[in-house]
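K.L.:
Starting from the structure of chain A, add chain B where the hints point.
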Amino acid sequence: MNETQLRNLVPAVIGVLVRRGADFASAEDAVQEALLKALESWPGDPPRDPMGWLVTVAWRKFLDARRAESSRTAREFAVDSAAVTGPAYGMDDSLWLYFLCAHPSLSPGSAVALTLRAVGGLTTRQIARAHLVPEATMAQRISRAKRTVADVPLDRPGSLETVLRVLYLVFNEGYGGDIELAVEAIRLTRQLASLSDDPEVAGLLALMLLHHSRRASRTDVSGRLVPLAEQDRTRWDTALIAEGVGVLRAALERDRLGQYQAQAAIAALHADAASAAETDWVQIVEWYDELLAIADSPVVRLNRAVALGEAEGPLVGLAELDRLDARLPRHTAARAHLVEAAGDLASAARWYAEAADLATSVPERDHLIRQAARLRQESAGRATRKQE
Amino acid sequence: MAKYLMLKHYRGAPAAPNDVPMDQWTPDELAAHLKYMDDFAERLEQSGEFVSGQALSPQGVWVRAGGEGEPPVVDGPFAETKDLIAGWMIIDVDSYDRAVELAGELSDAPGAGGKPIREWLELRPFLDDSADLTE
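Heads up: the protein sequence lines correspond to chains A and B, in order.
Note that this note's numbering has the first sequence beginning at 1, numbered continuously upward.
Note that this note's numbering has the second sequence beginning at 389, numbered continuously upward.
Hints may be right or wrong, so weigh each one.
[What the hints assert, rightly or not] Calculated cross-link-like contacts (lysine to any residue; reagent style SDA-like; alpha-carbon spacing at most 20 Å):
hint: 1; chain 1: B; residue 1: Lys423; chain 2: B; residue 2: Gly400
hint: 2; chain 1: B; residue 1: Lys470; chain 2: B; residue 2: Phe428
hint: 3; chain 1: B; residue 1: Lys391; chain 2: A; residue 2: Glu135
hint: 4; chain 1: B; residue 1: Lys391; chain 2: A; residue 2: Leu6
hint: 5; chain 1: B; residue 1: Lys391; chain 2: A; residue 2: Arg365
hint: 6; chain 1: B; residue 1: Lys391; chain 2: A; residue 2: Pro134
hint: 7; chain 1: B; residue 1: Lys391; chain 2: A; residue 2: Ser107
hint: 8; chain 1: A; residue 1: Lys37; chain 2: A; residue 2: Thr123
hint: 9; chain 1: B; residue 1: Lys391; chain 2: A; residue 2: Val362
hint: 10; chain 1: B; residue 1: Lys503; chain 2: B; residue 2: His397
hint: 11; chain 1: B; residue 1: Lys423; chain 2: A; residue 2: Ser107
hint: 12; chain 1: B; residue 1: Lys391; chain 2: B; residue 2: Asp517
hint: 13; chain 1: B; residue 1: Lys391; chain 2: A; residue 2: Leu132
hint: 14; chain 1: A; residue 1: Lys37; chain 2: A; residue 2: Ser70
hint: 15; chain 1: B; residue 1: Lys391; chain 2: A; residue 2: Met51
hint: 16; chain 1: B; residue 1: Lys391; chain 2: B; residue 2: Lys503
hint: 17; chain 1: B; residue 1: Lys503; chain 2: A; residue 2: Lys37
hint: 18; chain 1: B; residue 1: Lys391; chain 2: A; residue 2: Asn172
hint: 19; chain 1: B; residue 1: Lys391; chain 2: A; residue 2: Ala139
hint: 20; chain 1: B; residue 1: Lys391; chain 2: A; residue 2: Ala359
hint: 21; chain 1: B; residue 1: Lys391; chain 2: A; residue 2: Lys37
hint: 22; chain 1: B; residue 1: Lys391; chain 2: B; residue 2: Asp485
hint: 23; chain 1: B; residue 1: Lys391; chain 2: A; residue 2: Arg125
hint: 24; chain 1: B; residue 1: Lys503; chain 2: B; residue 2: Pro415
hint: 25; chain 1: B; residue 1: Lys470; chain 2: B; residue 2: Lys391
hint: 26; chain 1: B; residue 1: Lys391; chain 2: A; residue 2: Arg129
hint: 27; chain 1: B; residue 1: Lys470; chain 2: B; residue 2: Ser445
hint: 28; chain 1: B; residue 1: Lys391; chain 2: A; residue 2: Thr360
hint: 29; chain 1: B; residue 1: Lys391; chain 2: A; residue 2: Leu169
hint: 30; chain 1: B; residue 1: Lys391; chain 2: A; residue 2: Ala136
hint: 31; chain 1: B; residue 1: Lys503; chain 2: B; residue 2: Asp517
hint: 32; chain 1: B; residue 1: Lys391; chain 2: B; residue 2: Phe428
hint: 33; chain 1: B; residue 1: Lys391; chain 2: A; residue 2: Pro108
Because the hints were derived from the structure by calculation, they are not lab data.
Chain A with its partners taken away, still in its complex shape (with noise of 0.2 Å):
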C-alpha cells in the first residue's frame, strides 16, 4: 500500500469515528495521529487490514484525547471499543465530508486546508508546505476551520458548488513542498465523481484532466511558461485528453450544462486541434457565450474578447476589451497580446512591459517581460530593415 492508497483511506476513517458518536473535530484530530503513526510505521510493517488498523488506533487515539481532556468526561463516555462495531465502511461519509470542509461559511483558505486534511488525508506539515506557510500557522488554520464547522448540522452540510470552487482553487494553487496540489485536486474531484453523478463533477473532472493533459509542454527545459499557441503538441498527455473528452461527453449528454462543463469544452477544443492555427475559434466563442449565460464575470468576458480577437481578427478583439474595464487582471496582457496580432509590434512591446509590471505570478511577469523584449527587438530589425 502506498502513500496515496492510504490517503484514500482517510476520509472513510473519520465517518467511521463519527459515527461512533466523536465529533468532527476530534475525530478528524485521532484520525490524522493514526495517519502519522501509519506514514511512520507501514513502510517496515504493513498491516494485514489497513483500514481496521487505522480505525483502532484513531480510535484510541480519540479515547485517550479525551481521558486527557478530562476524566470526568471519560466516565461519561464509557465507551467499550471492543463491543462497537462501526456502520459498515460507507461511501456517504466520504461525501459529507467533501461538504462539510468546503462549508460556505469557510473562508475559501481555511475550506482548501480543511479538505486536504480531512478529505485528502494529507498532514499538517506537507499543507504547510505546499502553501509556504510555518506548519503552526497551518495547524491553526484547520483548528479553526473545525470550529467554524462544528455546529453544522450532519444533514446539512453545504453546497457542492462551494464543493467544486474549493476543488478548483487546490487544483490552481501550485507551489512548494513535495506534494503536488493539481494531482491531489485531480485524485479528490475523481473520488468525488465517483460518489456524485452531478455533470458538474464530472465538468471540473474533465477540466483538471485536459489542463493537466499539458503539463509537460506548459514550460520548457528552463522552467520558463510556454502559452498555449506555442506548446508541442506532440507532448500533451493523450490519455489524459481521451479520458477528460469521454468524461466531458458523458456529462454533456445529461443536458444539464454548467460552468465547469463550458470551461471544460473549451479545453477539449484546444485539446482537438492540431495546431494552434487548427483552433477551432468561431465554437470557441461559443462556449464562452454559453459560459457567459451561466456564470457572467468580468474574467469570463476577457477571455471571451481574447478568443473573439482570433476568431474575428484582433481589431474585434480590440473593439471588444475597450468595453471592459481596464483594471481587470490581464486586461493589459490581452490587449499586448492583440495589439501584436494586429501587428503593431512597438506598442505591443509597451503594452507587454506593462502588462508585466501587473502580473501576480513569477511565471507570467517572466513570460510578458520576454514577449517586451522580443518585440522590441522585432520592431527595431523592422526600423532598421525600412531605412535600408
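P.N.:
Coordinates of chain B only, in the frame set by chain A:
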C-alpha cells in the same frame, strides 16, 4: 490565499500622526509597544495568517561586486539613505481587503504618550508561482 509583505520604515515613509522617535519614549511606552507587536503576531498565528516577521537593525551597508579579482565594494552604514527599512511581517490572507485591515491594525501600535503611532506601513503583494486555468 495571497501573501503580503508589510514593511515598517525607520526613514522614508510619510510622517506618522504620532511621530515621536522611540528613544524619547518612556520605558512603559516601549514595553506597551513591544507587547502590542507580540500580541499582534500571536493573534495572526492563531488565525492561521502568520508567515514570518523580523525586525532589522539600522546598521546596514551597501555592497556590490568589485569586478574580477577584486573583493566586493562596501559602502555605508547608510547615513544618507532616504529609505531605511525597520522590519517586516509576511501574512497569508484571503483577500487584499484583509491585508489592508491587518496593516491598519499593526500601524495602530501605541507609541509616545500611549497613543497610537498610526505610522505608514508599506503593503506589497507577493508574486506567486501559481499557474492559472485561463487560456
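K.L.:
Look at each hint and say if it fits the structure.
P.N.:
Structure-based check of all given hints:
1. B/Lys423 <-> B/Gly400: Answer violated: B/Lys423 to B/Gly400 is near 25 Å, above 20 Å.
2. B/Lys470 <-> B/Phe428: Violated. B/Lys470 to B/Phe428 sits at ~28 Å, over the 20 Å cutoff.
3. B/Lys391 <-> A/Glu135: holds (16 Å)
4. B/Lys391 <-> A/Leu6: Violated, because 32 Å separates the two Cα atoms, which is more than 20 Å.
5. B/Lys391 <-> A/Arg365: holds (17 Å)
6. B/Lys391 <-> A/Pro134: Since the Cα atoms of B/Lys391 and A/Pro134 sit roughly 13 Å apart, the hinted pair holds (cutoff 20 Å).
7. B/Lys391 <-> A/Ser107: holds (15 Å)
8. A/Lys37 <-> A/Thr123: Distance ~11 Å between A/Lys37 and A/Thr123 Cα, so the pair holds.
9. B/Lys391 <-> A/Val362: holds (13 Å)
10. B/Lys503 <-> B/His397: Judged against 20 Å, a Cα distance of about 19 Å means the pair holds.
11. B/Lys423 <-> A/Ser107: Outside the cut-off at roughly 29 Å; violated.
12. B/Lys391 <-> B/Asp517: Holds: B/Lys391 and B/Asp517 sit about 11 Å apart, inside 20 Å.
13. B/Lys391 <-> A/Leu132: Satisfied, since the Cα-Cα distance of roughly 10 Å is no more than 20 Å.
14. A/Lys37 <-> A/Ser70: Violated, at about 24 Å.
15. B/Lys391 <-> A/Met51: Not satisfied, since the Cα-Cα distance of roughly 38 Å exceeds 20 Å.
16. B/Lys391 <-> B/Lys503: Answer violated: B/Lys391 to B/Lys503 is near 29 Å, above 20 Å.
17. B/Lys503 <-> A/Lys37: Answer violated: B/Lys503 to A/Lys37 is near 51 Å, above 20 Å.
18. B/Lys391 <-> A/Asn172: holds (16 Å)
19. B/Lys391 <-> A/Ala139: Answer holds: B/Lys391 to A/Ala139 is near 17 Å, not above 20 Å.
20. B/Lys391 <-> A/Ala359: holds (14 Å)
21. B/Lys391 <-> A/Lys37: violated (32 Å)
22. B/Lys391 <-> B/Asp485: holds (12 Å)
23. B/Lys391 <-> A/Arg125: Answer holds: B/Lys391 to A/Arg125 is near 18 Å, not above 20 Å.
24. B/Lys503 <-> B/Pro415: Distance ~14 Å between B/Lys503 and B/Pro415 Cα, so the pair holds.
25. B/Lys470 <-> B/Lys391: violated (27 Å)
26. B/Lys391 <-> A/Arg129: holds (14 Å)
27. B/Lys470 <-> B/Ser445: holds (16 Å)
28. B/Lys391 <-> A/Thr360: Holds, because 11 Å separates the two Cα atoms, which is no more than 20 Å.
29. B/Lys391 <-> A/Leu169: Distance of about 16 Å is within 20 Å: holds.
30. B/Lys391 <-> A/Ala136: holds (16 Å)
31. B/Lys503 <-> B/Asp517: violated (41 Å)
32. B/Lys391 <-> B/Phe428: holds (17 Å)
33. B/Lys391 <-> A/Pro108: At roughly 14 Å apart (the allowed maximum being 20 Å), A/Pro108 and B/Lys391 satisfy the hint.
In summary, the numbered hints that this structure violates are 1, 2, 4, 11, 14, 15, 16, 17, 21, 25, 31.
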